[in-house]
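Colleague: Residue-level listing of the chains:
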Amino acid sequence: MINVVGIVLFTLLGATALALVRVRNLFAVVMLAGVYSLLSAGLFTVMDAVDVAFTEAAVGAGISTVLFLGALALVGHREARPGHRPILPLVVVAVTGATLVYGTMDLPGFGDPANPVHHHVADHYLEESSREIGIPNVVTSVLASYRGYDTMGETTVVFAAAVGVMLLLAGRRRTPAPEPDEAPAGAADR
Amino acid sequence: MRDDFIVRVGARIVTPFIVTFALYVHFHGDFGPGGGFQAGVILAAAFALLALVYGLEAVQRVLPPWFARACAALGVLIFAGVGVVTMLLGHNYLGYNALAHDPKHGQHYGILLVEFGVLVTVFGVMTMVFYLFAGRAGRDE
Amino acid sequence: MLGLSLALPVAGAVSIALLRRSPNAREAASLLTAGALFAIVLRIYASVSGGGRPSLALAEPIPGISVTLEAEPLGVLFALVASFLWIVTTMYSIGYMRGNRESNQTRYYLFFAFAIASAMGVAFAGNLFTLFVFYELLSLTTFPLVTHAGTAKARRAGRVYLGILLTTSIAFLLLAIVWTYAVAGTLDFRQGGILAGEVAGAAVPVLLGLYVFGIGKAAVMPLHRWLPAAMVAPTPVSALLHAVAVVKAGVFAVLKVTVYVFGIDFLAEAGASAWLTWVAAATIILGSLVALTKDNLKARLAYSTVSQLSYVVLGAMLASTLGVGGGGAHIVTHAFGKITLFFCAGAIYVAAHKTEVSQMRGLGRTMPVTMAAFLIGALSVVGVPPLAGSVSKWYLLGATLDSGQIALAAVLVVSTLLNVAYLLPIPILAFLSKPEGETAGGGPQGGTVLNEAPAWCLIALSFVALGCIALIFWADRAFQLLQPIAAAAGG
Amino acid sequence: MSDHLPVLQVLAPLLAAPVCALLRSARAAGALAVLASWATLAVALALLGEVRAVGVVSYAIGDWVPPIGIEYRVDMVNAWVLVIVGTIASVVSPYMIASVSSEVERRRIPLFYAAYLLCLTGLLGIAVTGDVFNVFVFLEISSLSAYALIAMGTGRRALTAAFRYLVMGSVGATFIVIGIGLLYVMTGSLNMADLAVLLPEVWDSRTVKVAYGFLGVGCCLKLALFPLHLWLPNAYAFAPSAVTAFLASTATKVAVYMLLRFFLTIFGAPFSFGTMALDRVLLPLALVAIASMSMVAVLQVDVKRLLAYSSVAQIGYVVLGLSLASVTGLTATLLHLFNHALMKGALFMAMGCVVYRIGSAHIDAMAGLGRRMPWTMAAFLVGGLSLVGVPLTVGFVSKWYLILGAIERGWWPVAVVVLLASLLALVYVWRVVETAYMRPYEGDGRAVEAPPGLLLPTWVLAAASIYFGVFAKSTVATAEQAARVLMSGVGS
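Residue numbers (our numbering), protein chains in the order written: chain B, 1 to 190; chain C, 1 to 141; chain P, 1 to 491; chain U, 1 to 492.
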């Protein structure tokens with residue numbers, strides 16, 4: 001049963017990804033991206049990674065879509081046709097994909113209890129978490145305590161992103177005077 | 001959208017629930033899926049919804065941009081600050097056991113505090129970024 | 001002492017920079033430093049000729065490889081020549097630079113002093129690395145001098161100058177040094193060399209070739225182009241390049257590498273230098289032939305230098321006591337001969353603004369002192385006894401015969417004839433033919449006005465001309481000084 | 001507090017960054033940035049001292065014993081990298097105060113410092129950690145802030161350059177995280193030392209080899225190894241001067257460190273040079289990078305771009321040292337990380353002085369600056385000579401070990417390529433030097449000596465690139481020890 005759901009979700013995911021690449025209307029792209037996130041969230045749920053699914057849904061399908069729409073309001077709805085044929089990127093993507101597939105062939109089977117991921121440190125987390133930390137959700141105890149420092153790093157990543165956006169957008173007011181964008185671009189850049 | 005009665009009322013009704021849900025997600029993180037990150041996003045989404053419906057100015061009167069910016073920075077400081085406190089208490093960085101006599105309590109406080117830091121930052125950042133995009137769009141058109 | 005020999009010119013340079021507002025004080029400082037430096041080098045000479053080997057470690061940039069100064073006979077000889085000729089060249093410069101109203105005189109004296117400091121470093125280098133460091137510094141500090149004029153032509157010449165010197169030194173010399181270090185584990189100059197037993201077979205001639213061509217300052221063909229190009233420089237700079245420091249540093253480095261890195265015995269055994277003797281021989285002949293075709297006096301002298309330098313290289317490559325001694329002596333004698341010629345060329349330019357050989361008819365009447373000095377210098381370079389040049393040439397000739405290389409001896413003889421052909425016509429033209437513009441049949445015009453160069457120039461050039469004569473008494477001394485190094489090597 | 005040195009290393013800039021973002025005053029933010037940078041250097045030096053004294057320093061964050069928790073683990077290698085980053089940060093940050101005021105809008109300056117501090121945090125975090133996922137987290141911090149910093153350059157092209165860097169950088173980061181993920185799947189561990197123990201058991205699996213490839217490509221994108229360098233020239237050319245100087249001297253260096261860590265500590269030299277033939281893969285790339293990028297640099301008319309291409313070529317030297325697969329080669333690599341940071345920092349900062357005064361880095365604009373801005377151009381000359389590898393400069397020292405390493409392996413052509421490329425360096429440096437010193441000044445009198453706030457930091461690096469060229473004993477000794485640690489696998 002789970003396999004069937006998984007296969008359906010994956011198929012939809014693939015179709016959405018292809019559509020994302022093909023569609024030129026950015027509005028549709030944003031919507032499709034939201035769909036993509038939602039589908040991934042579904043997949044994560046199927047894989048029993050509810051925390052990840054939750055985050056994906058909230059961020060990927062939720063706030064990102066709003067922000068994308070905000071950006072669309074600035075840049076318009078249609079993507080300009082790329083000036084060149086994307087042969088090289090296609091080759092790169094194909095090679096990368098093939099390599100990944102090749103690499104996964106030696107992967108331990110999904111959900112196999114003998115996997116290294118389920119032992120080593122994971123054993124410790126599962127067995128000792130309630131004693132050492134005392135909260136039922138092991139995911140939280142890993143994220144906030146065992147590997148809390150990573151979470152702090154991620155918080156800083158989010159903050160860094162905000163600093164970047166603020167630097168770029170804050171206060172760069174457009175003057176009604178003739179745009180210096182096109183005309184002396186070269187001269188201004190020197 | 002501002003003039004649409006149904007949307008206005010709808011938003012008004014939904015918002016408290018969203019905020020409550022966010023808080024639930026935050027505090028329930030110890031037991032089920034969720035935590036500061038998701039809560040921050042949901043909280044920010046509440047304000048985004050309000051801004052879409054009632055206009056940016058109205059929301060910014062309640063939640064000024066400088067406040068969002070301050071939140072973004074303060075959250076990081078809260079998180080990192082917890083680590084500094086544990087260090088000052090003689091433990092290693094982020095060694096929550098230092099926060100209380102009973103290690104379990106210490107861990108609990110620590111997790112609560114740092115998750116709060118995450119919430120504050122994520123909420124501040126998301127709101128701030130939304131403000132910036134929305135604000136610019138408003139100016140351009 | 002050794003440290004002082006480096007510090008003094010640098011201090012001189014600093015005081016020159018500080019005194020830039022007052023030309024007189026600046027030049028006085030320059031002269032004073034030069035004099036003091038010579039005194040110091042004399043004391044080092046005294047200590048070395050007494051068998052001492054003073055040394056001084058300055059720094060150790062890379063573990064196992066240090067910047068170390070050490071005085072040994074060959075180096076002292078070079079230092080003596082360079083520091084003595086610095087005094088004379090400074091005197092000459094004062095006359096020349098003022099007489100020509102050159103701009104940027106402070107920069108000129110400043111870098112001149114730096115160049116001398118570098119030359120001292122080359123002379124007293126205690127190991128290959130130190131030699132390399134100061135060799136490169138010498139290239140860099142002489143660059144502003146070569147391009148002194150600042151014109152497009154000077155810039156081009158500067159590019160050739162620095163281009164060839166740095167290219168060869170980085171591409172060949174540095175490679176050779178690293179190679180040496182990789183096989184020998186040291187870069188120290190040692191009596192008898194450090195490479196014996198460490199390399200063998202075809203690697204030896206290749207490595208030696210890297211050294212000889214890597215030391216571009218020795219101007220072995222086909223890497224000689226920088227020397228004629230650098231002729232755009234003011235004449236005292238040419239003197240510095242040709243006689244005092246630069247090319248001499250080159251051939252000196254070749255000698256040092258031969259003696260202290262390979263060791264004469266090792267080289268002779270390996271027969272690694274045979275092919276290079278022929279390169280040197282070719283340079284000797286070709287340089288002279290090209291000199292014959294040049295009408296521009298300085299260009300002719302430049303090619304003469306190219307040819308003469310290879311005498312020293314030839315001496316080194318013969319890998320015998322006599323060869324090395326003769327090469328060392330030739331550094332000294334050629335320095336005096338060539339500096340005389342250059343001083344004269346400069347004096348002619350300052351006083352009469354003539355640069356071409358064909359313009360010098362009858363110049364002996366208006367500039368008798370200069371042309372007399374030129375004659376002496378020319379004879380010395382040709383090697384006419386009893387002038388200084390004859391001594392070193394004699395040793396070199398002996399060395400070729402000693403090693404049974406009749407053909408090489410023939411090269412030296414032919415070259416001497418060529419020297420005569422391209423040098424002697426100039427004084428002959430100056431003294432025996434009539435000045436331009438004078439009608440062939442016209443009698444003596446009574447008052448031929450003397451038109452000599454500024455006094456400073458005259459003093460300097462007479463001084464070195466006399467040196468060419470006096471040196472005959474000293475040349476043997478130089479050879480004696482060099483005996484121990486070659487002798488200890490068992491040659 | 002000395003027990004906490006490893007974490008303090010990151011904490012100083014990390015705490016200062018949000019504070020900067022809260023501040024309104026540009027001056028206060030600048031002062032804080034400088035203080036944090038200096039604190040960074042102080043901690044880095046203390047750490048280096050401690051590593052020298054006691055060997056590996058390990059710090060368990062959150063009191064969780066590794067591999068349960070995240071470990072900070074400092075040995076000779078990263079202590080060295082931390083000192084490099086700290087040195088550059090503490091020199092560039094005062095320079096930033098003087099230069100940024102002319103390039104960035106005043107209201108944005110506190111945020112600018114926040115971004116700078118975040119970038120510093122990220123770089124230090126990558127270098128200090130002993131946990132592979134933590135590497136990725138801090139890589140993100142440094143990358144995001146670096147994109148923003150580059151976009152702050154004047155002119156629209158800074159934006160496109162930053163965007164391009166963002167795309168390529170994100171691809172690189174994704175590759176790295178895929179690699180990390182695969183390693184985790186195969187071993188169940190994220191701790192580097194732990195991984196080094198666990199990996200030999202699964203060396204034969206395709207997954208590990210693919211992980212190796214992904215990590216390698218990801219790192220090479222970040223360190224701009226030819227032909228993955230395309231983002232770099234424009235990013236360096238259009239970023240604000242201080243940012244260019246900072247990133248050119250630190251970001252690629254840390255990426256190289258990351259590569260060394262992944263390949264030599266986690267996978268180990270036997271696997272890298274044996275099974276994966278890393279040396280044979282990297283050698284041609286390094287040689288082509290050195291030769292072709294030096295040639296491209298010769299053709300540039302914008303001096304900042306020229307220096308940027310030269311940086312790509314210099315990265316070739318660094319990678320070449322690695323591909324020599326010997327202690328000598330790695331010594332050269334590690335030395336060059338430091339030495340190149342010094343000289344390229346000095347060069348970019350000197351160019352920053354020029355841009356500050358005349359608003360252009362075009363080579364024709366340099367005419368006559370040798371007289372108009374003597375100190376600036378003298379610093380450029382020093383840095384340039386070092387780039388060429390003239391003896392008694394730092395450039396010579398690293399080149400020496402590189403050539404020695406090549407000869408030790410009997411790779412003569414490699415030695416020759418290195419030497420010939422130095423000549424190309426001579427050509428492109430000398431073009432600028434000659435223009436500055438030999439051509440007359442033609443400008444409108446704006447070109448006067450740069451203010452001391454810019455000049456002093458520039459000269460600190462210029463002087464350092466001579467000092468450590470003359471007294472290279474300590475740097476060589478440190479680099480050599482670090483190289484031994486790398487060759488022997490996990491430091492002990």
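Treat each hint with caution, since some may be false.
[To be verified] Listed below are the simulated SDA-like cross-link pairs for lysine to any residue, each with C-alpha atoms no more than 20 Å apart in a straight line:
(1) C:Lys-104 / B:Val-4
(2) P:Lys-354 / P:Pro-234
(3) U:Lys-209 / B:Tyr-125
(4) U:Lys-209 / B:Val-117
(5) U:Lys-473 / P:Asn-451
(6) U:Lys-473 / P:Thr-186
(7) U:Lys-473 / U:Val-433
(8) C:Lys-104 / U:Ile-68
(9) P:Lys-153 / P:Leu-137
(10) P:Lys-354 / P:Arg-225
(11) U:Lys-473 / P:Pro-234
(12) C:Lys-104 / B:Gly-34
(13) U:Lys-473 / P:Lys-294
The hints are simulated quantities; they were obtained by calculation from the structure and are not laboratory data.
Colleague: Does each hint hold? Answer for all of them.
Modeller: Here's how the hints hold up against the structure:
Distance restraint check for Lys-104 (chain C) and Val-4 (chain B): the Cα-Cα separation of roughly 42 Å exceeds the 20 Å cut-off, and the hinted pair is therefore not satisfied. For the hint linking Lys-354 (chain P) to Pro-234 (chain P), the alpha-carbon distance of about 14 Å falls within 20 Å, and the restraint holds. A C-alpha spacing of about 28 Å is found between Lys-209 (chain U) and Tyr-125 (chain B), which places the hinted pair above 20 Å, so the restraint is violated. Under the criterion of a C-alpha separation no larger than 20 Å, the hint pairing Lys-209 (chain U) with Val-117 (chain B) is consistent with the structure, at around 18 Å.
About 60 Å separates the Cα atoms of Lys-473 (chain U) and Asn-451 (chain P), which puts this hinted pair outside 20 Å; it is violated. Taken as a hint, the Lys-473 (chain U) and Thr-186 (chain P) pair is honoured in the structure, with Cα atoms around 16 Å apart against an allowance of 20 Å. Distance hint between Lys-473 (chain U) and Val-433 (chain U) is unfulfilled; the C-alpha atoms sit about 30 Å from each other, more than 20 Å. The hinted pair formed by Lys-104 (chain C) and Ile-68 (chain U) meets the criterion: a straight-line CA distance of about 17 Å does not exceed 20 Å.
Only pairs whose Cα atoms come within 20 Å are accepted, and Lys-153 (chain P) paired with Leu-137 (chain P) is rejected, the gap being roughly 23 Å. With a C-alpha separation of about 24 Å, the suggested pair Lys-354 (chain P) and Arg-225 (chain P) falls outside the 20 Å cut-off, and the hint is violated. At most 20 Å may separate the alpha-carbon atoms for a hinted pair to count; Lys-473 (chain U) and Pro-234 (chain P) exceed this at roughly 42 Å. Distance restraint check for Lys-104 (chain C) and Gly-34 (chain B): the Cα-Cα separation of roughly 40 Å exceeds the 20 Å cut-off, and the hinted pair is therefore not satisfied.
A distance of roughly 52 Å separates the Cα atoms of Lys-473 (chain U) and Lys-294 (chain P); the hinted pair therefore is violated under the 20 Å criterion.
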